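Visitor: Sequence:
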Amino acid sequence: MQIVSAHQAISPSAHQATNMLLLQEEGHLISSCFEKWRVAQKQNSVEPKPNGFISKPLPLYDQLAKLHIDDLSVGESIIPPVTSVRNLGSWFDQNLSMIPHITKICRAASFHIYNIRRIRKYLKSFLIAAPALWNSLPASVRDIDNFLVFKRTIKTYLF
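Take the sequence shown: its position 50, counted from the start at 1, is 676 in my numbering, and no numbers get skipped.
Be a bit skeptical, because a hint or two may be false.
[Stated by the list, open to error] Label-pair ranges, simulated between beta-carbon atoms:
#1 V700 <-> L749: 47 to 53 Å
#2 Y783 <-> G715: 39 to 45 Å
#3 S699 <-> K781: 55 to 61 Å
#4 K692 <-> M724: 20 to 26 Å
#5 K781 <-> G701: 51 to 57 Å
#6 N741 <-> K781: 24 to 30 Å
The set of hints was computed from the structure by calculation and includes no laboratory data. Nothing here was measured: the structure is a model prediction, and the numbers come from that model. We put the CB at the ideal spot given by N, CA and C, even for glycine.
Using the sequences and the hints given, assemble the complete structure.
Guide: Pasting the structure below:
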């Protein structure tokens, strides 16, 4: 085990200092390349911070509005753009808003409410007949706690 003095632990070695300088130079190179690209794309130039990062990024929707992709190729497959996409149960459109998701949920809810209206007459007759059917079963069947046993037993009485 090597014992390191407090001065050695705090002060960076020459190798670490060289790596830090190289990282700073690479950061400045990346920043200058990014600025050249922005000028080539005729976008607004943003003043970079001293460490090379952009001080005021554009909002996400503004960035997406400026982005135009004709298609995406992955290997030999070409993927065309679509207006909305489903991701883990949520729908997003090309601006990453959830308007398609809300629309589809409301449409599904309206459909199910409409279906309840269509089967209401069957539900009403079942609600009237169910208590009489339950009361006609023997108490030993009604007191069964295990659902699987209840299901097997009730089949013998009803069918």
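Visitor: Against this structure, judge whether each hint is valid.
Guide: Hint check:
As the Cβ distance of V700 to L749 is approximately 50 Å, the hint placing it in 47 to 53 Å holds. Separated by about 42 Å at the C-beta atoms, Y783 and G715 satisfy the suggested range of 39 to 45 Å. Roughly 58 Å separates the CB atoms of S699 and K781, a value that falls within the hinted 55 to 61 Å. The supplied range of 20 to 26 Å is met by K692 and M724, whose beta-carbon atoms lie about 21 Å from each other.
Distance hint for K781 and G701: a CB-CB separation of about 55 Å, consistent with the stated range 51 to 57 Å. Restraint check, N741 to K781: a C-beta distance of roughly 28 Å satisfies the suggested window 24 to 30 Å.
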